[in-house]
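Asker: Add 162 to the 1-based position in the sequence shown for the numbering used here, that's all there is to it.
Think of the hints as simulated: they come from the structure by calculation, not from any bench. Honestly, I wouldn't trust all of these hints.
Below are the EDC-like pairs computed for lysine to aspartate or glutamate, each with C-alpha atoms no more than 20 Å apart in a straight line [stated by the list, open to error]:
1. K292 <-> D406
2. K292 <-> D409
3. K243 <-> D431
Computed from a predicted structure; not experimentally measured.
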Amino acid sequence: MLNNVKGIGKDTWISRLKLAAFVVVVFSIGYLVTQEICHKISNVTAVGIASGYFASYIVYILTIWLPDKIKTKEAIGIVSKKLRSIHNKLTLSLLLAYKNACTDEEWAQAMTKTSDEECFDDQFFMVMRKFDIMADADSLFRRKDDLKPIKWYENFDLIFNVFDEYLKEIILKYNQVLPSSYTEIIYNIQESALFELFTGNHQESVFIAQGKDGYKYFDDFPARHLYKSGSYETPIFSEADHIDNSDILKKFVALLKDLKTVLAKQCGDAFIAADYGIAKLRDSKAGHVGTAIVK
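Kindly produce the complete structure, drawing on both the sequences and the hints.
Answerer: Written as structure tokens, this is what we have:
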């Protein structure tokens, strides 16, 4: 339906013209049918009833069905742009964290990839096992209290919670007109383990934190509280107690791929650039290499 943002207005007008043409065809057919009735039926009452039904149908098409159809297409266009923004920002954030966790050699290998999807390979998940979420984030944001750089856990906390509000707003405002594929992917993202880890809305998963004392704790609130207190010992995506914590990252990356697929089916393959994230991070001055590796 949508090939790009600038083409939305043009596509909408094309859709409107198609619908108008449809209405004209229906009107013409109805007119011919009515005329046929007039020739074959001499009863004026019967002709009046037929004409009345047809007129009511035309009024319904023009005043209810056609406006609702146009509003639905416009709503899907608005939501598609919002979901694209969420997809691109999350993809870029994960690849930026990846660059921070890479050695020079690992990042040189990542630079050979031509798309964001190719970047999410076995090396990506292996490197992210040593990602230090307590390191300074690659961001210009500063804390209000001491003006120090925010940490990566604070960066993720901000991103996930902002996008959680965006997704809630989409469901609240557009749920009645969205394709089922949109609502399904939105709920899947909100209920993913990585998303819930930072929003604190643990509906589908239980967050188990291992403290520095070696004990396990079941604290189902936003992870920023644990990281801020310094009580969380295990690196976020590493192995702990025979559990591979990179699984939550793998499942989240799979959801981003699913989101892109859903948008492509609705809006066209070119709606999301294949190299949105990696194209920006190829610049040696965009993101730092090796600044968030667990020591």
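Asker: Could you run down the list of hints and mark each one as holding or not?
Answerer: Structure-based check of all given hints:
1. Pair hint K292 plus D406 holds up; C-alpha atoms about 12 Å apart against a cutoff of 20 Å.
2. At most 20 Å may separate the alpha-carbon atoms for a hinted pair to count; K292 and D409 meet this at roughly 14 Å.
3. The suggested pairing of K243 with D431 holds, with an alpha-carbon distance near 14 Å, which does not exceed 20 Å.
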